[in-house]
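K.L.:
Each chain, written out:
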Amino acid sequence: MAKHHISATLNGNAVEYLCETQQTLLEVLRDELHLTGTKEGCGTGDCGACSVTVDARLVCSCLVLAVEAQGKSIQTIEGMAAGEHLHPLQRKFLEHAALQCGVCTPGILIAARSLLERNPDPTEEEVRFWLAGNLCRCTGYNKIVDAVLDAAREMRGN
Amino acid sequence: MADAPARVVLISSLCGHYTGGAKEFEIEAQTLYDVIRELDARYPGLGEHLEDETSVAIDGEIHEVGYYHQLRPGCEIFFIPKIEGG
Amino acid sequence: MDAKTIAPDQKALKVVGTRPVRPDGAPKVTGLARYGADFSLPGMLWGDILRSPHAHARIRSIDTSKARALPGVKAVITAADFPEQKYEFVGPERVAINYWHMTRNVMAREKVLYEGHAVAAVAAVSRAVAAAALRLIAVDYEVLPHVIDVDAAMAPDAPLLFEDMITRGIEPAPDKPSNISKRVELNLGDIEAGFAAADEIVEMNFKTAPVHQGYIEPHACLARFDSGGQGELWSASQGHFVVRAYTAQLLGMNIGDVLVHPAEIGGGFGGKTVIYVEPVAAALSRKSGHPVKIMMSREDVFKATGPTSGSSMTVRIGVKKDGKIVAADGLFKFQAGAFPGSPVMNATMCGFAPYNIANVRSVGYDVVSNRPKSAAYRAPGSPISAFAVESTMDAVAVRIGMDPLKFRLANASRTGTPTAWGPKHAHEGYAETLQALLDHPAYQAPLAKNQGRGVASGFWFNNGGESCATVHVNEDGTVVVATGSMDIGGSRASMAIMAAETLGIAYDRVRAIVADTASIGYTHVTGGSRVTFATGMAVVEACRKVTAELCARAAMIWKVDREDAVWEDGCARHVDKNDKGKSTGKFEPLSLKAIAAKRAVTGGPIVAEAAVNAGGAAPGFASELCEVEVDPETGSVKVLRFIVAQDVGRAIHPSYVEGQLQGGVVQGIGWALNEEYIYDDAGRLLNAGFLDYRIPVASDLPMIETIMVEVPNPNHPFGVKGAGEVNIVPTMAAVANAINHAIGRRLTELPMSPPKVLAALDSGAKG
Amino acid sequence: MNEIRYEAPTRLEDAVALLAGANGVAKVLAGGTDLLIQMRGGRVAPALLVDIKGIPELTAIVAENGGFRFGAALSCMELIENAEFAAAWPGLTDAVKLIGSVQVKGRASVGGNLCNASPAADSVPALIAAGAVASIAGPGGRREARVEDVATGPGKTSLARGEIVTSFFLPRRPPRSGDAYLRFTPRTEMDIAVVGAGINLTLDEKGVCSQARVSLGAVAERALLVPEAAAALLGSKIDAPALARLGAAASAACRPIDDKRGTREFRIKIAAVLARRAAAIAADRAGRKN
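Chains W, V, G and L, in that order, are what the protein sequence lines are. Just so you know, we're using the numbering used here here: the first sequence kicks off at 1 and counts up by one. Just so you know, we're using the numbering used here here: the second sequence kicks off at 1 and counts up by one. Just so you know, we're using the numbering used here here: the third sequence kicks off at 1 and counts up by one. Just so you know, we're using the numbering used here here: the fourth sequence kicks off at 1 and counts up by one.
Please note: incorrect hints may appear among the correct ones.
Unchecked claim - When the alpha-carbon atoms are kept at most 27 Å apart in a straight line, the in silico DSSO-like pairs for lysine-lysine are as follows:
{"#": "1", "chain 1": "G", "residue 1": "K545", "chain 2": "G", "residue 2": "K586"}
{"#": "2", "chain 1": "G", "residue 1": "K638", "chain 2": "L", "residue 2": "K97"}
{"#": "3", "chain 1": "L", "residue 1": "K53", "chain 2": "W", "residue 2": "K3"}
{"#": "4", "chain 1": "L", "residue 1": "K289", "chain 2": "G", "residue 2": "K449"}
{"#": "5", "chain 1": "G", "residue 1": "K577", "chain 2": "G", "residue 2": "K559"}
{"#": "6", "chain 1": "W", "residue 1": "K3", "chain 2": "L", "residue 2": "K206"}
{"#": "7", "chain 1": "V", "residue 1": "K82", "chain 2": "G", "residue 2": "K449"}
{"#": "8", "chain 1": "L", "residue 1": "K289", "chain 2": "W", "residue 2": "K72"}
{"#": "9", "chain 1": "G", "residue 1": "K424", "chain 2": "V", "residue 2": "K82"}
{"#": "10", "chain 1": "G", "residue 1": "K756", "chain 2": "L", "residue 2": "K260"}
{"#": "11", "chain 1": "L", "residue 1": "K260", "chain 2": "G", "residue 2": "K207"}
{"#": "12", "chain 1": "G", "residue 1": "K207", "chain 2": "G", "residue 2": "K545"}
{"#": "13", "chain 1": "V", "residue 1": "K23", "chain 2": "G", "residue 2": "K424"}
{"#": "14", "chain 1": "G", "residue 1": "K207", "chain 2": "V", "residue 2": "K82"}
{"#": "15", "chain 1": "L", "residue 1": "K260", "chain 2": "G", "residue 2": "K638"}
{"#": "16", "chain 1": "L", "residue 1": "K260", "chain 2": "W", "residue 2": "K72"}
{"#": "17", "chain 1": "L", "residue 1": "K156", "chain 2": "W", "residue 2": "K72"}
Claimed, not checked - Coverage of chain G stretches by chain W, computed from C-beta distances (three or more under 8 Å per stretch; other residues unrestricted):
{"#": "18", "segment": "30-37"}
{"#": "19", "segment": "542-555"}
No wet-lab data here; the hints were simulated from the structure. Predicted model, so just to flag it, every value in this text is computed and none were measured. All C-beta atoms, glycine included, are put in the ideal place defined by N, C-alpha and C.
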């Protein structure tokens, strides 16, 4: 069948790919573009492991068709660090041991960055509600919330 | 020299299968190997069952069943169910 | 997050107890770490599995011809592609490996035993083609009556899953088959005399729902098997050595012909100590001649992988007026799922284990029914019996008007306390966790209307067992530590810490890795809270062999007797063995780095291996305090505060130990309040997804306060006991006891969801 | 493999023509948070997807006659991030905030929430209570419909073939008006309403309720407008007796089913509780003096 030829921006770089209508952005990121940092936990938008941003809007890539990304700017976990310099959130997750198995971590980092872009000084409750769409079964969320609040503090410069 | 024998208890509910109900024994032994061999001599097949299906508590300390365990005179040995964790 | 060390340190530790960044951290925050579904190979096919729509049916025939004819389909398999396994007799005590059962669970043969049971599989050039091929497979089913509930499955007229299954553990054996696979019984003292001597007796019935481990990563693997009879697997599991053994056995291969690469694992909690997709991908790869990847969907994970058992339980406890427990009786009926092997034996052993009770009877039944086969889940069995026992303990304390912590303390087991399974307790630790909560200001803090506070305790056998480690000293004096233990939550970091401590070098000079099945010796699963204990012992032993070798090299460099060199603070030092090993100061101490530089001229690479079958694991105890607020109009329960005090022996990396405590408690809160399987009348699962199978989300929870009580285990070089599991054991009862304290209603059925709480509120029955 | 055609028109009439002219199943794609799951589960197999997010008026939010008009395909996040709208309609904003996670709200639209026609859709009772009017475009031109008249049952709507809900209009409210939406779920987030209650009311200078609309979700085959419940509030100061009458009327209006998310009995009880609590919040927002 005729596939769609999509041109988009991925982590700041121009990218082109072919996809079928029913293929999700998650499927194309992982299987066609080999960016496997974005995880599939449920495929139904209930776990947040596949979180990415499309034109700076936080979404589940399992609920976006790859064909919808034409002309859009996609950010995945692979684009979060600046070269060898980790994003403050990435660093704080390591310092606070905010990951155990780590499979939910990329999605949570993307979601947390999206929160801090809108709200540089969130309360614990705001962090917990913003991250409610990102399931973590290992940590009980404690250290994740700690790490996000600490990263926010550092990014505010105090 | 005759050391105090080890007190050996089979709590595995299967052991009745082999021993016709007997559960407690006094066995002269320096190592767990001696205990297992002695029990297998009395009840053929029991030795392999103990090796494959049980853990052992020696004076309360739980170990995998192993021939090499040294026994103190008069120690308490319980063959207990294997524990499978998560 | 305070750590409370009960026993004073034997010696000062430099690295153990610090909180460095884990070696595998950067790849996991940048998306570079590769999990089960993240591997691909050239020419790779996609595998997919056809699953039963019925809860119980006989398979009359399977027609795969249309699927095989579909363009892009490279292989189609059914159970006929796997060799039959001989039925192995295994004792009723064990959650045993029975390959006759395992091969049938991986691919149904005569019958499908639950909705989602695998019946056939395909490998095709794309996911879409594979999915289309499944729709072309025609299975002729004879639908049979099914049974879901454990009590219903035990009824004499219940539909039988196995027409010839005779209950084991009963002498003489029953003459009729049933769904009861085994009966176990533990006895201590004289139960009847015990109850006869009691001033008060409380008896209660309980039910718990099966709950899933809920790991975020669905099962996934990549297989490359060739016609030459060899194969490779990239698989996310809790033990790549057992994946190798099981897969080889199910395919009729030699263990040595299968190589398993340990992918990073996205959570397991016990549920990835067994296999589902690996032998299927392997068989498809072997048949098609291509690499094959299989990823389970979340729906498949819920329908076809193992939750822990649901249960029906009765507990009776007899006490004297002064609070001394004189008798305890437990009946624990566990759902095994479609094949025998629930953790009921653990439940019977752990239930009363925290207490010093002279007369105990603990009876368990392992019962099959038409739902997925149960798998291990965090302290398998113990949280279930603890819910019943600790709820009854709370009711007893209320009955005799005694503080629930002091009541437990008065009956707490200690070294020398006899257990229902025979041997005496050999370790302390329980009383210290109770005292930690008694000393906590929260315990006396005032509560508002509709709020309540509950406590509960738990016991778990931390495991030991087989582990291997290799330590390589690199040319520049850095060190690589390789083990066979999958890293599920920071174990690379704890291995590196223990190695650095033993070698006397800095943490960042050590790299810890997980080696594949061909590169290190057999190592049992990452489970049973055993890795830091057992694999840690292997690492320390290998490091000690290395320091011995380093001393030998130093002696050669100094041209002195081997016995005149000792290892201290990361250096070989010259001593006089004839002068009580006093340091001589004749030679400058030689650092590991300095000796590594001379390795060639002193004999070549410095490497040591250690293989252990670790014994002497000390059990874990935990006591927990929960505060809830109940909405009296909706039955909704909000957890306001939670404190977990657990004896961890010693925390090697405290942050990851705290994480284990917090994670276990939150899983327990989900188990207590919302998690359950909902089936329709046809035995089909209605909530096979994260939307309606409600695991806790961040906004449901408070911070979980941890108290790491450290009563070191003398059998481990650093006192480790194990931290991963016992934290979940008390949680459901702690929540139930808090709810009872808030509203005067005793919830005895899990989950304690709002409709149940509201019904309890509306009923007159006071708890 | 049957091919799925994908079109992303930028003009409304093109979208309508595509839908009207399609042979086979044609589906409107807005946020896709329901549709993609239904496609993945094999419950719908469309031959054509018409992505309407490229049509400007479907994602706009504008002031109109002192009220608000927002596009049916506008994402929930864009809607709730609009400060003026959130200040004017706090109850409807609360309802939209409850639709799934931040990720889901980044895609989901109020139009989709309505047209998916789930009886449990969170925004719908709040829209009904607010008296929202849906604008609809189709082969026969444009028309308007009350929101309560759009969904007719689970997965069913009154939309004709080729019709698209394009926007919602929320009229200006009299002074001293307030709205509120509450739902019951076992979890705080990531859940589907077991019961939902939306209330929009107006008080006179004396604090007496002069206008009220009450709507309940997840207690029938579709979200219900419950005039009897509103009548319980009219003429009252939203005091205890009025709230008791409101709760009784709300329960009486329920005709729920037992399902995996809640029992019939539980839903009927909770409907009364949420209606009372929502009315109290709405009254406070309307400036009630306590």
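K.L.:
Determine for every hint whether it applies to the structure shown.
P.N.:
Against the structure, the hints:
For the hint linking K545 (chain G) to K586 (chain G), the alpha-carbon distance of about 25 Å falls within 27 Å, and the restraint holds. A distance of roughly 21 Å separates the Cα atoms of K638 (chain G) and K97 (chain L); the hinted pair therefore holds under the 27 Å criterion. Between K53 (chain L) and K3 (chain W), the direct Cα distance comes to roughly 21 Å. Compliance with the 27 Å bound is thereby established for this hinted pair. A threshold of 27 Å between alpha carbons decides the hint, and for K289 (chain L) with K449 (chain G) the separation of about 26 Å falls inside it, so the pair holds.
Of the pairs offered as hints, the one joining K577 (chain G) and K559 (chain G) holds, with about 15 Å between alpha carbons and a cut-off of 27 Å not exceeded. With a CA separation close to 66 Å, the supplied pair K3 (chain W) and K206 (chain L) exceeds the 27 Å bound. Distance restraint check for K82 (chain V) and K449 (chain G): the Cα-Cα separation of roughly 47 Å exceeds the 27 Å cut-off, and the hinted pair is therefore not satisfied. Taking the CA atoms of K289 (chain L) and K72 (chain W), the gap is about 50 Å. The hint is violated against a cut of 27 Å.
Straight-line distance between C-alpha atoms of K424 (chain G) and K82 (chain V) comes to about 17 Å, which keeps the hinted pair within the 27 Å bound. With a CA separation close to 14 Å, the supplied pair K756 (chain G) and K260 (chain L) stays within the 27 Å bound. For a cut-off of 27 Å, the pair hint linking K260 (chain L) to K207 (chain G) stands: about 19 Å separates their Cα positions. For the suggested pair K207 (chain G) and K545 (chain G), the alpha carbons sit about 52 Å apart, so the restraint of at most 27 Å is broken.
For the given pair, K23 (chain V) sits about 17 Å from K424 (chain G) by alpha-carbon distance, which is consistent with the 27 Å threshold. In summary, the hint linking K207 (chain G) to K82 (chain V) is supported, as the alpha carbons are separated by about 26 Å, within the 27 Å threshold. As the CA atoms of K260 (chain L) and K638 (chain G) are separated by approximately 21 Å, the hinted pair is consistent with the 27 Å bound. For the suggested pair K260 (chain L) and K72 (chain W), the alpha carbons sit about 39 Å apart, so the restraint of at most 27 Å is broken.
Distance restraint check for K156 (chain L) and K72 (chain W): the Cα-Cα separation of roughly 33 Å exceeds the 27 Å cut-off, and the hinted pair is therefore not satisfied. Coverage of the segment 30-37 of chain G by chain W holds [criterion: at least 3 residues with CB-CB distance below 8 Å; count 7]. A stretch counts as covered by a chain when three or more of its residues have a beta carbon under 8 Å from one of that chain; for the segment 542-555 of chain G and chain W the count is 0, and the coverage is violated.
Hint compliance for this structure: hints 6, 7, 8, 12, 16, 17 and 19 are broken, all remaining hints hold.
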